[in-house]
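Chains as they are written, first to last, in the numbering used here: chain A, 628 to 773; chain B, 30 to 112.
Do not take every clue at face value.
In silico SDA-like pairs for lysine to any residue, Cα to Cα no more than 20 Å straight-line [claimed, not checked]:
| id | chain 1 | residue 1 | chain 2 | residue 2 |
| --- | --- | --- | --- | --- |
| 1 | A | K748 | A | G656 |
| 2 | A | K737 | B | D75 |
| 3 | A | K771 | B | N90 |
| 4 | B | K108 | B | T95 |
| 5 | A | K750 | A | I719 |
| 6 | A | K665 | A | P681 |
| 7 | A | K771 | B | N91 |
| 8 | A | K737 | B | A71 |
| 9 | A | K651 | A | T662 |
| 10 | A | K737 | B | K109 |
| 11 | A | K771 | B | S70 |
| 12 | A | K771 | B | E94 |
| 13 | A | K737 | B | E81 |
| 14 | A | K636 | A | E650 |
| 15 | A | K636 | A | K651 |
| 16 | A | K748 | A | D654 |
| 17 | A | K748 | B | A71 |
| 18 | A | K748 | B | L78 |
| 19 | A | K732 | A | G672 |
| 20 | B | K108 | B | R97 |
| 21 | A | K732 | A | I719 |
| 22 | A | K641 | A | A630 |
| 23 | A | K737 | B | D79 |
| 24 | A | K771 | B | L93 |
| 25 | A | K636 | A | L652 |
| 26 | A | K748 | B | D79 |
| 27 | A | K737 | B | L78 |
| 28 | A | K732 | A | D707 |
| 29 | A | K771 | A | R741 |
| 30 | A | K771 | B | A71 |
| 31 | A | K771 | B | N69 |
| 32 | A | K737 | B | D82 |
| 33 | B | K109 | A | R741 |
Calculated from the structure, these hints are not laboratory results.
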Amino acid sequence: MEAKSVISKLPYSKPFLFVDAIEKLDDNGIAGYYTFHKDEYFYEGHFKDNPITPGVILTECMAQIGLVCFGIHLLKDELDKGINIAMSSTEIDFLKPVFPEEKVKVISQKIYFRFNKLKCKVKMLNSQGEVVCNGTISGMLILKGS
Amino acid sequence: MTSEEIYAKLQPIIATYLPEDVSADNINRDADLTQELNINSAHLVDVVLDVEDAFDIELSNNDLETLRTVNDAIAIVEKKVKK
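Let the hints inform the model, and build the full structure from the sequences given.
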């Protein structure tokens, strides 16, 4: 129930929304899914005749699920006016490629959320359960009008 | 703890989060952390968290709102350490 309302509050839309579903959500962390469809716009050029999901897109997917969806949950009732968000730092290791039509799972755990800054330990798994990338991501979540 | 001692402990913390084009020589008690030293809002939070650890204190949202200059930081720490 809450998962759907969180996704509806995301400030993204196609072709830059990388969240399909949220599986688990509490005050310590989140887990969610996204499937990279073969017609995503970036496969046309990354790479020529050899489509592989760009690392920046994997990072974006991890940030949208692991920080923004999670942050919307953490801010709950204060959210009526919406939020301004900004990624502030990332440190990610990329371990395996993600190909078109792969479904990935993002798992994020809170390191801290203080003074509007959310820092999380985030990892992405493929459908075999292998870690494709992991690291830490931080961002600022500032309520509009504050 | 004197304000001089606090200042000495603050300097290396602030220096860690300075952008590459700002030298640690620019740190002085009157320096504005975000406007003059160019520390962005995300790194300002890192400064605050490191200050909390270094002095074993906890800052509130109100404290953060009063934090502009290095002197403000010294005053906040002085007030909290005394308690």
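We went through each hint and held it up to the structure:
The hinted pair formed by K748 of chain A and G656 of chain A meets the criterion: a straight-line CA distance of about 9 Å does not exceed 20 Å. Distance hint between K737 of chain A and D75 of chain B is fulfilled; the C-alpha atoms sit about 15 Å from each other, no more than 20 Å. For a cut-off of 20 Å, the pair hint linking K771 of chain A to N90 of chain B stands: about 17 Å separates their Cα positions. Annotation: proposed proximity of K108 of chain B to T95 of chain B holds, straight-line Cα distance about 13 Å (limit 20 Å).
In summary, the hint linking K750 of chain A to I719 of chain A is supported, as the alpha carbons are separated by about 9 Å, within the 20 Å threshold. Using a Cα cut-off of 20 Å, the hinted pair K665 of chain A and P681 of chain A holds, with the two alpha carbons roughly 13 Å apart. This hinted pair checks out: K771 of chain A and N91 of chain B have alpha carbons roughly 18 Å apart, not beyond 20 Å. For the proposed pair K737 of chain A and A71 of chain B, the alpha carbon gap of about 16 Å is at most 20 Å, so the pair holds.
Restraint check: the Cα-Cα separation between K651 of chain A and T662 of chain A comes to about 17 Å, which is no more than 20 Å; the hinted pair holds. Note on K737 of chain A and K109 of chain B: the hinted pairing is violated, with a Cα-Cα distance of about 27 Å set against a maximum of 20 Å. The hinted pair formed by K771 of chain A and S70 of chain B meets the criterion: a straight-line CA distance of about 16 Å does not exceed 20 Å. The hinted pair formed by K771 of chain A and E94 of chain B meets the criterion: a straight-line CA distance of about 17 Å does not exceed 20 Å.
Distance hint between K737 of chain A and E81 of chain B is fulfilled; the C-alpha atoms sit about 19 Å from each other, no more than 20 Å. With a C-alpha separation of about 17 Å, the suggested pairing of K636 of chain A with E650 of chain A holds against the 20 Å cut-off. Of the pairs offered as hints, the one joining K636 of chain A and K651 of chain A holds, with about 17 Å between alpha carbons and a cut-off of 20 Å not exceeded. Restraint check for K748 of chain A and D654 of chain A: the C-alpha separation of about 14 Å stays at or below 20 Å, so the hint holds.
Between K748 of chain A and A71 of chain B the alpha-carbon distance is near 17 Å, which keeps this suggested pair within the 20 Å criterion. Pair hint K748 of chain A plus L78 of chain B holds up; C-alpha atoms about 17 Å apart against a cutoff of 20 Å. Proximity of K732 of chain A to G672 of chain A is assessed by CA-CA distance (about 24 Å); at most 20 Å being required, the pair is judged violated. Of the pairs offered as hints, the one joining K108 of chain B and R97 of chain B holds, with about 16 Å between alpha carbons and a cut-off of 20 Å not exceeded.
For a cut-off of 20 Å, the pair hint linking K732 of chain A to I719 of chain A stands: about 16 Å separates their Cα positions. The suggested pairing of K641 of chain A with A630 of chain A holds, with an alpha-carbon distance near 19 Å, which does not exceed 20 Å. Distance restraint check for K737 of chain A and D79 of chain B: the Cα-Cα separation of roughly 18 Å lies within the 20 Å cut-off, and the hinted pair is therefore satisfied. Straight-line distance between C-alpha atoms of K771 of chain A and L93 of chain B comes to about 18 Å, which keeps the hinted pair within the 20 Å bound.
The straight-line distance between the Cα atoms of K636 of chain A and L652 of chain A is roughly 15 Å, inside the 20 Å bound, and the hint therefore holds. Our distance criterion of 20 Å between C-alpha atoms is met by K748 of chain A and D79 of chain B, whose separation comes to about 19 Å. Note on K737 of chain A and L78 of chain B: the hinted pairing holds, with a Cα-Cα distance of about 15 Å set against a maximum of 20 Å. A hinted pair counts as satisfied when its Cα atoms are at most 20 Å apart, and K732 of chain A with D707 of chain A does not qualify at roughly 28 Å.
Between K771 of chain A and R741 of chain A the CA atoms are separated by roughly 17 Å; this keeps the pair inside 20 Å, and the hint holds. Between K771 of chain A and A71 of chain B the alpha-carbon distance is near 17 Å, which keeps this suggested pair within the 20 Å criterion. Restraint check for K771 of chain A and N69 of chain B: the C-alpha separation of about 19 Å stays at or below 20 Å, so the hint holds. For the suggested pair K737 of chain A and D82 of chain B, the alpha carbons sit about 19 Å apart, so the restraint of at most 20 Å is met.
This hinted pair checks out: K109 of chain B and R741 of chain A have alpha carbons roughly 18 Å apart, not beyond 20 Å.
Consistency with the previously given hints fails for numbers 10, 19, 28, ordered from lowest to highest.
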